[in-house]
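Q: Here is what each chain is made of, one letter per residue.
Protein chains: 2
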Amino acid sequence: MRVDGVSMRTIWPVGAGVVRIIDQTRLPHDLATIDLGTIEQAATAIKSMQVRGAPLIGATAAFGVALAMAADASDAALEQAIGILLATRPTAVNLRWALERCRREIGALPPAERAAAAWKLAAAVCDEDVAINRAIGRFGLELIKKSLPRGRPVNILTHCNAGWLATVDVGTATAAIYAAHDCGIPVHVWVDETRPRNQGASLTAWELAHHGVPHTVIVDNAGGHLMQHGMVDLCIVGTDRTTAAGDVCNKIGTYLKALAARDNGVPFYAAVPGPSIDWNLSDGVKEIPIEQRDASEVTHISGWSNDDALTTVRLTPKDTPAANYGFDVTPARLMTGLITDRGVCPATREGLLSLFPEQRCA
Amino acid sequence: MRVDGVSMRTIWPVGAGVVRIIDQTRLPHDLATIDLGTIEQAATAIKSMQVRGAPLIGATAAFGVALAMAADASDAALEQAIGILLATRPTAVNLRWALERCRREIGALPPAERAAAAWKLAAAVCDEDVAINRAIGRFGLELIKKSLPRGRPVNILTHCNAGWLATVDVGTATAAIYAAHDCGIPVHVWVDETRPRNQGASLTAWELAHHGVPHTVIVDNAGGHLMQHGMVDLCIVGTDRTTAAGDVCNKIGTYLKALAARDNGVPFYAAVPGPSIDWNLSDGVKEIPIEQRDASEVTHISGWSNDDALTTVRLTPKDTPAANYGFDVTPARLMTGLITDRGVCPATREGLLSLFPEQRCA
Numbered sequence: 093m094r095v096d097g098v099s100m101r102t103i104w105p106v107g108a109g110v111v112r113i114i115d116q117t118r119l120p121h122d123l124a125t126i127d128l129g130t131i132e133q134a135a136t137a138i139k140s141m142q143v144r145g146a147p148l149i150g151a152t153a154a155f156g157v158a159l160a161m162a163a164d165a166s167d168a169a170l171e172q173a174i175g176i177l178l179a180t181r182p183t184a185v186n187l188r189w190a191l192e193r194c195r196r197e198i199g200a201l202p203p204a205e206r207a208a209a210a211w212k213l214a215a216a217v218c219d220e221d222v223a224i225n226r227a228i229g230r231f232g233l234e235l236i237k238k239s240l241p242r243g244r245p246v247n248i249l250t251h252c253n254a255g256w257l258a259t260v261d262v263g264t265a266t267a268a269i270y271a272a273h274d275c276g277i278p279v280h281v282w283v284d285e286t287r288p289r290n291q292g293a294s295l296t297a298w299e300l301a302h303h304g305v306p307h308t309v310i311v312d313n314a315g316g317h318l319m320q321h322g323m324v325d326l327c328i329v330g331t332d333r334t335t336a337a338g339d340v341c342n343k344i345g346t347y348l349k350a351l352a353a354r355d356n357g358v359p360f361y362a363a364v365p366g367p368s369i370d371w372n373l374s375d376g377v378k379e380i381p382i383e384q385r386d387a388s389e390v391t392h393i394s395g396w397s398n399d400d401a402l403t404t405v406r407l408t409p410k411d412t413p414a415a416n417y418g419f420d421v422t423p424a425r426l427m428t429g430l431i432t433d434r435g436v437c438p439a440t441r442e443g444l445l446s447l448f449p450e451q452r453c454a
Numbered sequence: 093m094r095v096d097g098v099s100m101r102t103i104w105p106v107g108a109g110v111v112r113i114i115d116q117t118r119l120p121h122d123l124a125t126i127d128l129g130t131i132e133q134a135a136t137a138i139k140s141m142q143v144r145g146a147p148l149i150g151a152t153a154a155f156g157v158a159l160a161m162a163a164d165a166s167d168a169a170l171e172q173a174i175g176i177l178l179a180t181r182p183t184a185v186n187l188r189w190a191l192e193r194c195r196r197e198i199g200a201l202p203p204a205e206r207a208a209a210a211w212k213l214a215a216a217v218c219d220e221d222v223a224i225n226r227a228i229g230r231f232g233l234e235l236i237k238k239s240l241p242r243g244r245p246v247n248i249l250t251h252c253n254a255g256w257l258a259t260v261d262v263g264t265a266t267a268a269i270y271a272a273h274d275c276g277i278p279v280h281v282w283v284d285e286t287r288p289r290n291q292g293a294s295l296t297a298w299e300l301a302h303h304g305v306p307h308t309v310i311v312d313n314a315g316g317h318l319m320q321h322g323m324v325d326l327c328i329v330g331t332d333r334t335t336a337a338g339d340v341c342n343k344i345g346t347y348l349k350a351l352a353a354r355d356n357g358v359p360f361y362a363a364v365p366g367p368s369i370d371w372n373l374s375d376g377v378k379e380i381p382i383e384q385r386d387a388s389e390v391t392h393i394s395g396w397s398n399d400d401a402l403t404t405v406r407l408t409p410k411d412t413p414a415a416n417y418g419f420d421v422t423p424a425r426l427m428t429g430l431i432t433d434r435g436v437c438p439a440t441r442e443g444l445l446s447l448f449p450e451q452r453c454a
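Chains as they are written, first to last, in our numbering: chain A, 93 to 454; chain B, 93 to 454.
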């Protein structure tokens with residue numbers, strides 16, 4: 093997407109054996125980049141959430157394997173790299189999907205060919221992600237057109253950041269929003285701030301502002317009230333893993349918004365790239381591992397002080413215990429549908445298989 | 093309640109014509125007090141949320157009228173005082189209830205008697221609040237006993253601060269929690285941080301810690317996930333206004349937790365002091381005015397820096413638009429019941445009238 097007139101992706105190769113990322117822990121204040129030259133640096137970037145968002149995690153992992161292969165292209169090094177990267181974040185399935193693809197495609201080659209092939213594969217994963225998101229955008233645009241009220245912008249609520257910053261480019265949940273905005277449909281986005289890491293208030297607000305899409309940040313508590321009062325026409329969220337039965341795992345709090353949408357007759361969709369579907373799982377609430385992160389992400393928060401210094405402050409009394417679950421699962425029954433890169437379908441096994449028929453025989 | 097061994101209320105008279113309050117904007121860091129000597133100071137304390145919580149707002153308003161009467165006991169001054177105080181916060185009905193009582197009881201007296209009578213009335217409002225909350229605690233304790241699981245503490249989720257800091261003493265939602273803890277029932281409280289003003293993370297966590305009640309702070313997004321996984325046995329929240337039909341207006345985000353409780357079969361109760369019931373209203377979603385506060389409460393947050401200085405930081409990009417609705421309404425159909433000072437009843441008109449039969453003829 094364009095940032096102050098310049099086209100950017102979230103991750104791109106620069107020269108031999110170096111991949112550059114936007115350091116998302118510095119946004120919205122600084123648009124800083126970091127160069128990754130080793131598998132360890134790639135793993136740290138994922139773990140520390142310098143890159144985040146299921147699709148971007150997958151792309152970064154593919155580059156991580158390529159960086160590992162440049163140093164040592166042995167079978168052992170390949171397996172070690174996959175192990176290191178797989179351990180960084182447990183919930184998003186794109187990570188496993190990208191690494192399994194690396195194992196399959198790179199592992200099959202003689203060691204001498206692996207470094208170059210892994211680099212090429214990582215670039216392909218990135219390009220495919222962008223193509224997937226553009227397809228999601230086209231299908232989602234039709235839904236937005238259907239929801240368009242007379243005489244005012246369509247109000248879309250989103251949770252967390254499933255924007256271009258969560259992917260290589262374009263975004264998943266935002267793909268349709270950008271598509272609508274770019275073709276002149278008046279759109280207004282309610283941006284959930286998304287505690288505890290505030291990816292909505294920082295990243296989604298930042299990227300919508302830079303693209304010129306009207307938006308308003310709200311606390312995560314507010315969406316139900318807005319829906320009760322007719323102020324939301326449509327909800328679109330991302331997903332870190334969607335089961336074969338259509339259960340949608342996404343940032344903690346998504347489930348609460350889906351409940352409010354159902355209670356108020358507001359359509360609630362997830363934007364689901366094919367690689368986010370976990371065909372091995374059915375019951376998302378029981379089966380998807382939910383990452384627990386450090387309590388300090390709840391008890392402390394970072395922001396910018398009056399003199400524009402990034403400052404961390406404590407929100408609770410000293411030594412207050414806190415729990416920090418990163419994701420929740422919205423049962424398929426609460427989803428109006430899934431916007432995939434192959435079309436929109438009901439959040440059911442049959443719905444997904446109708447678009448991904450090759451999985452019937454997998 | 094006791095703070096480090098010392099019994100305290102949130103508001104108490106000190107000497108002639110001065111009432112002292114805990115400055116809740118300084119908690120949990122400083123236990124500071126402020127002396128109010130004029131009606132204007134009382135109004136500012138309510139508006140700036142140095143005092144907050146529906147019952148405490150009512151008590152502070154009664155003292156505000158007493159301070160006004162000490163300066164000028166004319167009819168005009170009484171009406172002016174009521175007008176100033178009524179304009180401070182629009183949602184809580186206790187404010188109107190306390191002021192109407194002042195008008196009725198003080199306005200009926202000759203001006204020469206008003207100052208002393210108003211002071212006495214304000215003290216009575218405070219004592220009655222404590223008695224009401226103790227009664228709520230007794231009835232709520234029975235519900236907790238029913239929810240007690242074998243072999244582990246009962247997990248109670250609460251939203252915002254309906255603790256003793258929201259009242260004169262004891263609290264409403266916390267009344268039963270303190271009663272259970274004090275009689276040896278093992279209790280653990282999930283404390284919603286309650287954005288944007290974080291009354292849960294700051295005030296509820298502070299008062300539970302000082303009373304020794306085990307608790308864990310969570311982001312507002314987390315409650316649904318906890319309920320899906322059997323980690324919540326019971327929800328108890330406060331209310332700023334409950335309609336005659338049982339719709340419960342409370343801090344923004346309460347409605348989302350009620351939806352999750354219903355979806356997971358978790359009992360969901362509001363602690364409802366008699367003065368919080370608005371017998372004039374039926375449809376809470378349509379009829380209760382919802383306060384909109386400054387956007388800066390969403391875009392900025394205050395906390396304590398490493399060197400223990402109260403510091404405000406910006407969470408969003410500069411100039412990000414934000415909306416800030418203070419309350420929402422949970423429809424009666426989502427409430428398991430209402431814990432009033434006269435007993436527990438269904439959240440229905442008949443349920444409430446069975447406990448407040450005098451309202452049948454009002």
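Everything labelled a hint here was simulated from the structure, so no lab data went into it. Among these hints, one or two may not hold up.
What the hints assert, rightly or not - Have a look at the derived ranges for each label pair, beta carbon to beta carbon:
#, chain 1, residue 1, chain 2, residue 2, range
1, B, K237, A, R244, 49 to 59 Å
2, A, G357, B, R244, 36 to 46 Å
3, A, K378, B, P278, 45 to 55 Å
4, B, G107, A, R244, 51 to 61 Å
5, B, G304, A, G109, 53 to 63 Å
6, B, V95, A, K237, 34 to 44 Å
7, B, K212, A, E383, 53 to 63 Å
8, A, K238, B, N398, 30 to 40 Å
9, A, R244, B, T136, 49 to 59 Å
10, A, T404, B, P241, 53 to 63 Å
11, A, Q384, B, D164, 36 to 46 Å
12, A, Q384, B, G109, 52 to 62 Å
Since this is a predicted model, take the numbers as computed values, not measurements. Where is the CB? At the ideal position from N, CA and C, for every residue including glycine.
Q: Next, verify each hint and record whether it holds.
A: Checked hints:
Checking the proposed 49 to 59 Å range against B/K237 and A/R244 shows it holds: the Cβ atoms sit about 52 Å from each other. Hint check: A/G357 to B/R244, Cβ distance near 39 Å, so the stated range 36 to 46 Å holds. Between A/K378 and B/P278, the C-beta spacing of about 28 Å breaks the proposed range 45 to 55 Å. At about 57 Å, the beta-carbon gap between B/G107 and A/R244 stays in the expected band of 51 to 61 Å.
The given range of 53 to 63 Å is respected by B/G304 and A/G109, whose C-beta atoms sit roughly 57 Å from each other. Remark: the range hint 34 to 44 Å for B/V95 to A/K237 is contradicted by a beta-carbon distance near 59 Å. A C-beta distance of roughly 58 Å is found between B/K212 and A/E383, which places it inside the suggested range of 53 to 63 Å. Evaluation of the 30 to 40 Å hint for A/K238 and B/N398 yields a failure: the beta carbon distance comes to about 51 Å.
Range check, A/R244 to B/T136: about 38 Å between beta-carbon atoms, so the 49 to 59 Å window is missed. Take A/T404 and B/P241: their Cβ atoms lie about 38 Å apart, and the range 53 to 63 Å is violated. Range check, A/Q384 to B/D164: Cβ separation about 60 Å, and the 36 to 46 Å hint is violated. Taking 52 to 62 Å as the suggested C-beta distance range, the pair A/Q384 and B/G109 conforms, at roughly 54 Å.
Hints 3, 6, 8, 9, 10, 11 from the list above are not met by this structure, while the remaining hints are.
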